[in-house]
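Build out the structure end to end from the sequences listed, making use of the hints.
There are 2 protein chains.
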Amino acid sequence: MIDRNRRGLVLAAGGALATGAVGGMAWAAPSDRKLGYAIVGLGTYGLDVIIPQFKNCRNSRLVALVSGDAAKAKSVAQQYGVPEKNIYNYENYDSIRNNPDIDIVYICLPVSMHAEYTIRAAKAGKHVLCEKPMAVSSAECEAMIAACRQAGKKLMIGYRCHFEPYNLEARRIARSGEIGTLRYFRSEHGFNFRDPNAWRLKKALAGGGSMMDIGIYALNAARYMTGEEPSAVYAQETTNRNDPRFREVEDMLGFQLEFPSGVVGSCMSMYSASQNHILLVGDKGRIDMEPATAYHGNRMWTGKDGREREVTPPPGPGATQFAGQLDHMAQCVLQDREPIVAGEEGLRDLRIIEAIYQSARERRRVVLKA
Amino acid sequence: MIDRNRRGLVLAAGGALATGAVGGMAWAAPSDRKLGYAIVGLGTYGLDVIIPQFKNCRNSRLVALVSGDAAKAKSVAQQYGVPEKNIYNYENYDSIRNNPDIDIVYICLPVSMHAEYTIRAAKAGKHVLCEKPMAVSSAECEAMIAACRQAGKKLMIGYRCHFEPYNLEARRIARSGEIGTLRYFRSEHGFNFRDPNAWRLKKALAGGGSMMDIGIYALNAARYMTGEEPSAVYAQETTNRNDPRFREVEDMLGFQLEFPSGVVGSCMSMYSASQNHILLVGDKGRIDMEPATAYHGNRMWTGKDGREREVTPPPGPGATQFAGQLDHMAQCVLQDREPIVAGEEGLRDLRIIEAIYQSARERRRVVLKA
Numbered sequence: 001m002i003d004r005n006r007r008g009l010v011l012a013a014g015g016a017l018a019t020g021a022v023g024g025m026a027w028a029a030p031s032d033r034k035l036g037y038a039i040v041g042l043g044t045y046g047l048d049v050i051i052p053q054f055k056n057c058r059n060s061r062l063v064a065l066v067s068g069d070a071a072k073a074k075s076v077a078q079q080y081g082v083p084e085k086n087i088y089n090y091e092n093y094d095s096i097r098n099n100p101d102i103d104i105v106y107i108c109l110p111v112s113m114h115a116e117y118t119i120r121a122a123k124a125g126k127h128v129l130c131e132k133p134m135a136v137s138s139a140e141c142e143a144m145i146a147a148c149r150q151a152g153k154k155l156m157i158g159y160r161c162h163f164e165p166y167n168l169e170a171r172r173i174a175r176s177g178e179i180g181t182l183r184y185f186r187s188e189h190g191f192n193f194r195d196p197n198a199w200r201l202k203k204a205l206a207g208g209g210s211m212m213d214i215g216i217y218a219l220n221a222a223r224y225m226t227g228e229e230p231s232a233v234y235a236q237e238t239t240n241r242n243d244p245r246f247r248e249v250e251d252m253l254g255f256q257l258e259f260p261s262g263v264v265g266s267c268m269s270m271y272s273a274s275q276n277h278i279l280l281v282g283d284k285g286r287i288d289m290e291p292a293t294a295y296h297g298n299r300m301w302t303g304k305d306g307r308e309r310e311v312t313p314p315p316g317p318g319a320t321q322f323a324g325q326l327d328h329m330a331q332c333v334l335q336d337r338e339p340i341v342a343g344e345e346g347l348r349d350l351r352i353i354e355a356i357y358q359s360a361r362e363r364r365r366v367v368l369k370a
Numbered sequence: 371m372i373d374r375n376r377r378g379l380v381l382a383a384g385g386a387l388a389t390g391a392v393g394g395m396a397w398a399a400p401s402d403r404k405l406g407y408a409i410v411g412l413g414t415y416g417l418d419v420i421i422p423q424f425k426n427c428r429n430s431r432l433v434a435l436v437s438g439d440a441a442k443a444k445s446v447a448q449q450y451g452v453p454e455k456n457i458y459n460y461e462n463y464d465s466i467r468n469n470p471d472i473d474i475v476y477i478c479l480p481v482s483m484h485a486e487y488t489i490r491a492a493k494a495g496k497h498v499l500c501e502k503p504m505a506v507s508s509a510e511c512e513a514m515i516a517a518c519r520q521a522g523k524k525l526m527i528g529y530r531c532h533f534e535p536y537n538l539e540a541r542r543i544a545r546s547g548e549i550g551t552l553r554y555f556r557s558e559h560g561f562n563f564r565d566p567n568a569w570r571l572k573k574a575l576a577g578g579g580s581m582m583d584i585g586i587y588a589l590n591a592a593r594y595m596t597g598e599e600p601s602a603v604y605a606q607e608t609t610n611r612n613d614p615r616f617r618e619v620e621d622m623l624g625f626q627l628e629f630p631s632g633v634v635g636s637c638m639s640m641y642s643a644s645q646n647h648i649l650l651v652g653d654k655g656r657i658d659m660e661p662a663t664a665y666h667g668n669r670m671w672t673g674k675d676g677r678e679r680e681v682t683p684p685p686g687p688g689a690t691q692f693a694g695q696l697d698h699m700a701q702c703v704l705q706d707r708e709p710i711v712a713g714e715e716g717l718r719d720l721r722i723i724e725a726i727y728q729s730a731r732e733r734r735r736v737v738l739k740a
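So the protein sequences, as listed, match chains A and Z. When you line the first sequence up against my numbering, it's residues 1 to 370, in that order. When you line the second sequence up against my numbering, it's residues 371 to 740, in that order.
These are computed hints drawn from the structure, not numbers from a lab. From a predicted model like this one, the values you see are computed outputs, not experimental measurements. Glycine included, every Cβ here is placed at the ideal spot set by N, Cα and C. The reader is advised that the hints may include incorrect statements.
[Stated by the list, open to error] Away from chain Z, derived, C-beta distances all over 10 Å, residues of chain A:
1. S31
2. V49
3. S112
4. A124
5. S137
6. A143
7. R175
8. E178
9. Q236
10. M252
11. S272
12. D283
13. R309
14. E310
15. P314
[Said to hold, decoys possible] Stretches of chain A that chain Z covers, calculated by requiring three or more beta carbons in the stretch to come under 8 Å of a beta carbon on chain Z:
16. 326-334
17. 352-365
Right, dumping it as C-alpha cells:
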C-alpha cells in the first residue's frame, strides 16, 4: 500500500539531500567502506555511463559484471580491474549468491528483464539497484518489492535526478516559498530517436515507447517537484505508425496531471523531437530549467517574468549525480536505511504510466487510486 | 458554417503580412486617405493603448468618442482634437448614423457589451472593429456576423498579434520547414490579477475569467501558428473560490488541443501567475518566444535544443502592431476586402472556448464540430 505520509517522509529525506546532507546532518557519518557492485547488462548505459562513475564514489566499487557477451565482459573486466572469476552470464547469474565480493547488483538491462533479474538477485541474497522504469507493469513492480522484502534486501530505483544538484536546488527553492504558491508544473522531455532497430522501440523489451524512457523524467519530476501524488491523468497520443521507428511503440504523449492542491502538471514525452525542460510557475515567480535532467550541462533560471537570474546550485551529495546515486544505495545498505527512491517510487510511476496509457487509449480522464 | 478552406485562405493572407505585404504585394497600393474611427469605451485599453496609436497610422484617424463619462470624454476629445459634436454616450450612440466623419467604430467595452454595440453600429451603417473575445457566447458572435453582413459592413476582431512582427515571423519560420515537421505547440498566458473589483472578474461582464482575457492569446496562437483547427479539447480548471478575485470566474485552465495532423497544443491560462510564452517544437528545431504577445519587448529564439539564436524579425505591416491593426481594417474598407481576422475568426475561438469550459466542467474530452 502506498500512503501519502510515506511519500512525505521520502521527500523530507530528499530535501536534506539538497544541502549535501546524506550521511551528514541527518544520518550517521558514513564509513569509507566500499561495497561491491555487480553491473548487470553491458549496454550503453551500464558500460558508458555507470561503470566509469565508480572512480567518483566513496562507498561503491565495481567488483563484478553480468553479460551475455563473454568477450565484451572480459574486455571490460580487464579495463576496470574486475577479476575474471567475477564475470557472470545470464545462465550462471544465480551463482552470485556464492560470491561475497558482491553486495549490490545494478540492473541495466532492457525494461522487460528488470523484474526477473531483480527477483533472482534478491533470491541470491543481494541488494538491488534497478534502472527506471522499474518494470513493464505495476504487477511486476509489486513482485519485485515483495521479493526484496522477503529476502530482507534493499531495493532502489535509478532515479538519478534525485541526486542531481540543479533538480535538488529547484526543489529547495520551490519549497522555500521564493516563487510563492505553486500554480503549475510543466516538463517536456524528448529526443529524436535514430535507430529503428533499438530495443527501446520493441514493445516486448521496452514495455512502451517514449513514455517508458525519456517521458518518465517528466512524470517523476512532476512528483518530486510538487511533492504531491497526482489524483487523475489525461493523456493524448500522437504516433505515426507508418514511421518505421513507431511500428510497436508510441512516439508522443501529451499528458496533464491533476494534483490534490490544484497544481496542474502539464507534460510532453516524445521520440520525435528534442526537448529537456522543467518549469515551475508560482504566483510570485518561477523556476525554469533547460536542459533540466541532462547527464551534465544543466542550467536553471529564476525570475518573475522570464529567465532573469541564472542559478548555480550548491554541490549535490556526490561528485556527480551518478556517484551520488551509487553511494546512496551503498550507504543505505551500510546503515540499514530505506533508499529515498525505493521500489515503491518506481511502482508509483508505473501505476501512473499505466493510467496515462489507459487515458490515451480510451480518450478520457483516468482517476488514480489514492 | 466554418469551413477549413476559408481558414486556409485567411492564413495565406496572413502569411503575406509577414513580409509587410498588406496593400503591397497582394493588394492594390492603399491610398493615403484616412478613415475616421469612433472609439467606443474609454477604459484603459481604449484610452491608454489604442487612442495614442492613431499618430502611427497611415489610413486611420480618431474622429469620435463614445463614453458614459461625459467629463472624461470631453477631456480626451480636447487632448486628441476630437470635435465636441463627435462625442457620444450610450443613449445617443445610434445617432452616429448621421455622422459622416465616422467610418469605423472600435468596440473597447467589457465583453458582455460587444454584441449589442457591434449590432447597433452595423445598423447605424458603420464598419466595426471589435475587441477580443468577440462576445460572451458563440450565439452572440453569430448574431454580430449576421448583423454586419445584413448591413453590408465589415466586421473585424482585434487580434493584434496577427499584425505583430515576432508572431508573423514565427509563423513564417514554422511554415518554411526550418524546424521540420511541427510536433507540438505550447503556450502559457497569465498574469497576477490585482484588483478584485475589476469588471474582468465579474461573470456577467466578462463572460468568464482568465480564458476570456489572457487565455485567448494562447488559443488563438495555437490556431494561427499551426494553421489548423482543433478537432477536440480537454481542459482542467483550478480556481480557489475563497480567493476574493475568483468568486465568479475561473483562475487557471490547463487545456490540450488535438489537431488533425497529430500536432498537440498544450496551453495554460491563468489570473494567478505571470507567464507569456509560445513554443513551437518541430522534429528539426524549435521556436521559443518570451514574452510572446506583449505590447512591446517581445523576444524570440530558434535552436535545436534551446535558445541558441535570437531572432529579430523584419518590420510588421504597421509602425506598431496596433497601428497595423487599425490600418488593416481601414484598408479593408477602402478596398472592399475581408479582414484577415474577420468575425468568423472570433466565432471560431468562442466555439472552442465554450468546448474548453464544457470539458473542464464535465471532466472529459470534448469533440469539436468540423
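Hints, verified against the model:
For S31 (chain A), the condition that its CB be more than 10 Å from all CB atoms of chain Z holds, with the nearest at approximately 41 Å. No Cβ of chain Z approaches the Cβ of V49 (chain A) within 10 Å, the least distance being about 19 Å, so the stated non-interface status holds. Listed as outside the interface, S112 (chain A) is consistent with that label: its C-beta sits roughly 27 Å from the nearest C-beta of chain Z, beyond the 10 Å cut-off. Its beta-carbon lying about 42 Å from the closest one in chain Z, A124 (chain A) satisfies the requirement of being farther than 10 Å from that chain.
Even its closest Cβ contact with chain Z, about 26 Å, leaves S137 (chain A) beyond 10 Å, as expected for a residue assigned away from the interface. Interface exclusion of A143 (chain A) from chain Z stands, the closest Cβ pair being 33 Å apart, more than 10 Å. Distance check on R175 (chain A): its Cβ is at least 17 Å (rounded) from any Cβ of chain Z, clearing the 10 Å threshold; non-interface status holds. Non-interface status of E178 (chain A) relative to chain Z is upheld: no Cβ of that chain comes within 10 Å, the nearest being about 14 Å off.
Once the 10 Å rule is applied to beta carbons, Q236 (chain A) is inconsistent with being away from chain Z; the minimum gap is 6 Å. Consistency note on M252 (chain A): stated as away from chain Z, yet its beta-carbon is not over 10 Å from all of that chain's, at 6 Å minimum. Listed as a non-interface residue, S272 (chain A) fails to keep its Cβ farther than 10 Å from every Cβ of chain Z; the least gap is roughly 5 Å. Not every CB of chain Z lies more than 10 Å from the CB of D283 (chain A), the least distance being 5 Å, so the non-interface label is violated.
Residue placement check: R309 (chain A) keeps its beta carbon more than 10 Å from all beta carbons of chain Z (closest about 15 Å). Against chain Z, the non-interface label of E310 (chain A) holds: every CB pair exceeds 10 Å, the least being about 12 Å. Against chain Z, the non-interface label of P314 (chain A) holds: every CB pair exceeds 10 Å, the least being about 24 Å. Look at the segment 326-334 of chain A against chain Z: 0 of its residues bring a Cβ nearer than 8 Å to a Cβ of that chain, fewer than three, so the hint is violated.
A count of 3 residues in the segment 352-365 of chain A with a Cβ less than 8 Å from any Cβ of chain Z is obtained; the coverage claim is therefore met, three being the minimum.
In summary, the structure is inconsistent with hints 9, 10, 11, 12 and 16 from the numbered list given earlier, while agreeing with the others.
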